[in-house]
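Participant: Line by line, the protein sequences are chains A and B. No gaps in the numbering here: position 50 of the first sequence is 50 in the working numbering, and each next residue is one more. No gaps in the numbering here: position 121 of the second sequence is 121 in the working numbering, and each next residue is one more.
Read the hints as simulated data drawn from the structure, not as lab findings. Hints are supplied without guarantee of correctness; some may be wrong.
Here are some of the chain A residues that sit facing chain B, going by a computed Cβ distance under 10 Å [said to hold, decoys possible]:
#1 Asp28
#2 Ile51
#3 Glu96
#4 Glu127
Listed next, the in silico DSBU-like pairs over lysine-lysine satisfying Cα-Cα at most 30 Å (straight line) [as the list claims (entries may be wrong)]:
#5 Lys105(A) x Lys23(B)
#6 Lys160(B) x Lys101(A)
#7 Lys25(A) x Lys118(B)
#8 Lys101(A) x Lys150(B)
#9 Lys25(A) x Lys100(B)
#10 Lys25(A) x Lys4(B)
#11 Lys103(A) x Lys56(B)
#12 Lys103(A) x Lys23(B)
#13 Lys130(A) x Lys56(B)
#14 Lys25(A) x Lys160(B)
#15 Lys103(A) x Lys2(A)
#16 Lys105(A) x Lys130(A)
#17 Lys63(B) x Lys160(B)
#18 Lys23(B) x Lys2(A)
Glycine is no exception: its CB is placed at the ideal position from the N, C-alpha and C atoms.
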Amino acid sequence: MKVILIGHGKTGVAFKGAVEMIYGKVDDFLPLTFMPGEGIKDVETKIQNVINDSNEETLVITDLFSGTPYNAASTLALQQKVTDVVAGMSLPMLLEVALNKDKMKVADLVKMLAQDSNSYVRVLSSEVEKEEKEDDF
Amino acid sequence: MIIKFARIDDRLIHGQVATVWSKQADAERIIVVSQEVFNNDIRKKLLKQAAPAGMKVNVVDVKKAVAVYNNPKYADTTVFYLFTNPEEVLELVKSGVPLKSINIGGMRFEEGKTQITKAVSVTKEDIAAFKELDKLGIELDLRVLADDAKKDLLKLIDQKVKE
Numbered sequence: 001m002k003v004i005l006i007g008h009g010k011t012g013v014a015f016k017g018a019v020e021m022i023y024g025k026v027d028d029f030l031p032l033t034f035m036p037g038e039g040i041k042d043v044e045t046k047i048q049n050v051i052n053d054s055n056e057e058t059l060v061i062t063d064l065f066s067g068t069p070y071n072a073a074s075t076l077a078l079q080q081k082v083t084d085v086v087a088g089m090s091l092p093m094l095l096e097v098a099l100n101k102d103k104m105k106v107a108d109l110v111k112m113l114a115q116d117s118n119s120y121v122r123v124l125s126s127e128v129e130k131e132e133k134e135d136d137f
Numbered sequence: 001m002i003i004k005f006a007r008i009d010d011r012l013i014h015g016q017v018a019t020v021w022s023k024q025a026d027a028e029r030i031i032v033v034s035q036e037v038f039n040n041d042i043r044k045k046l047l048k049q050a051a052p053a054g055m056k057v058n059v060v061d062v063k064k065a066v067a068v069y070n071n072p073k074y075a076d077t078t079v080f081y082l083f084t085n086p087e088e089v090l091e092l093v094k095s096g097v098p099l100k101s102i103n104i105g106g107m108r109f110e111e112g113k114t115q116i117t118k119a120v121s122v123t124k125e126d127i128a129a130f131k132e133l134d135k136l137g138i139e140l141d142l143r144v145l146a147d148d149a150k151k152d153l154l155k156l157i158d159q160k161v162k163e
């Protein structure tokens, strides 16, 4: 599976760096940029350039639902050029992808991400409350 | 108690441990074995709330760790041990908790320590403890990230300490 990371500005590049601090090398994570002045066609072209001549499944992970990177990737997905598109890029999400990309199909992986997404946001005060109810040795 | 994994990392539960290593370990509980943390209520509280999804975190000293290991109530519990130093690993092993391997992931540099790798610095006491663990047949697995190659800790120590 190929994983393309593209958000507004250079977030895709920065996120790949963050994943590598924790997980280690992820050579099949391909980061792209979307800079001020660029439009949906530019993004489509960038994505197409990295998926060219590949029969591998491709998952595009973007930062914002309905943002330009998401819309560009969705256009390609509807033409069956990429397998699926996810919005809401975050470090916990990308680590889940890194841990599972070699053993899962895109269809199953995206289902899992959607299911687990509520655990990506955690609040200290409620964690502490929850922890106090848990049993100890 | 079924020991799935044991690691020395003085950052304890942080990004690498909370995500990758805890998945690899595939254990029900993370047991932090550290007298220092055991005596510090704030650190204890922070660690317990940092439990990765589906795991429980306990903070104990060596004495309690041994008692829990021998408690039949936890015979089937799978655990991931976390330590901050090799002395406490050695103490636990000598008290009869059979570790096969200890992963060395992070021991931060402080004044008076010898830096062995980017992530691992040791005191004389640490070196002695590692040598004793090695003599007891426990694998010393020097790796920060799960997909790093395992390095020979004692060989690196010998090189650095001679210099």
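Participant: The structure should be examined with respect to each hint, and the outcome stated for every one.
Facilitator: Status of each hint after checking the structure:
Of the supplied interface hints, the one on Asp28(A) is violated, with its beta-carbon coming no nearer than about 13 Å to a beta-carbon of chain B, more than 10 Å. Interface restraint check: Ile51(A) against chain B, minimum CB-CB distance 25 Å, threshold 10 Å, status violated. Checking Glu96(A) against chain B: minimum C-beta separation of about 8 Å stays under 10 Å; hint holds. Given hint, Glu127(A) at the interface with chain B, holds; its Cβ is 4 Å from that chain's nearest Cβ, closer than 10 Å.
A threshold of 30 Å between alpha carbons decides the hint, and for Lys105(A) with Lys23(B) the separation of about 19 Å falls inside it, so the pair holds. For a cut-off of 30 Å, the pair hint linking Lys160(B) to Lys101(A) is broken: about 39 Å separates their Cα positions. Proposed proximity of Lys25(A) and Lys118(B) is supported: the alpha carbons are some 17 Å apart, at most 30 Å. For the suggested pair Lys101(A) and Lys150(B), the alpha carbons sit about 23 Å apart, so the restraint of at most 30 Å is met.
Note on Lys25(A) and Lys100(B): the hinted pairing holds, with a Cα-Cα distance of about 28 Å set against a maximum of 30 Å. A hinted pair counts as satisfied when its Cα atoms are at most 30 Å apart, and Lys25(A) with Lys4(B) qualifies at roughly 24 Å. Proximity of Lys103(A) to Lys56(B) is assessed by CA-CA distance (about 26 Å); at most 30 Å being required, the pair is judged to hold. For the hint pairing Lys103(A) with Lys23(B), the CA-to-CA distance comes to about 14 Å; that is within 30 Å, so the pair holds.
Distance check on the hinted pair: Lys130(A) and Lys56(B) sit about 11 Å apart at the alpha-carbon level, within 30 Å; holds. Taking the CA atoms of Lys25(A) and Lys160(B), the gap is near 28 Å; set against the 30 Å cutoff, the hint holds. Between Lys103(A) and Lys2(A), the direct Cα distance comes to roughly 13 Å. Compliance with the 30 Å bound is thereby established for this hinted pair. Restraint check for Lys105(A) and Lys130(A): not satisfied, since their Cα atoms lie roughly 34 Å apart, outside the 30 Å limit.
A C-alpha spacing of about 34 Å is found between Lys63(B) and Lys160(B), which places the hinted pair above 30 Å, so the restraint is violated. Annotation: proposed proximity of Lys23(B) to Lys2(A) holds, straight-line Cα distance about 22 Å (limit 30 Å).
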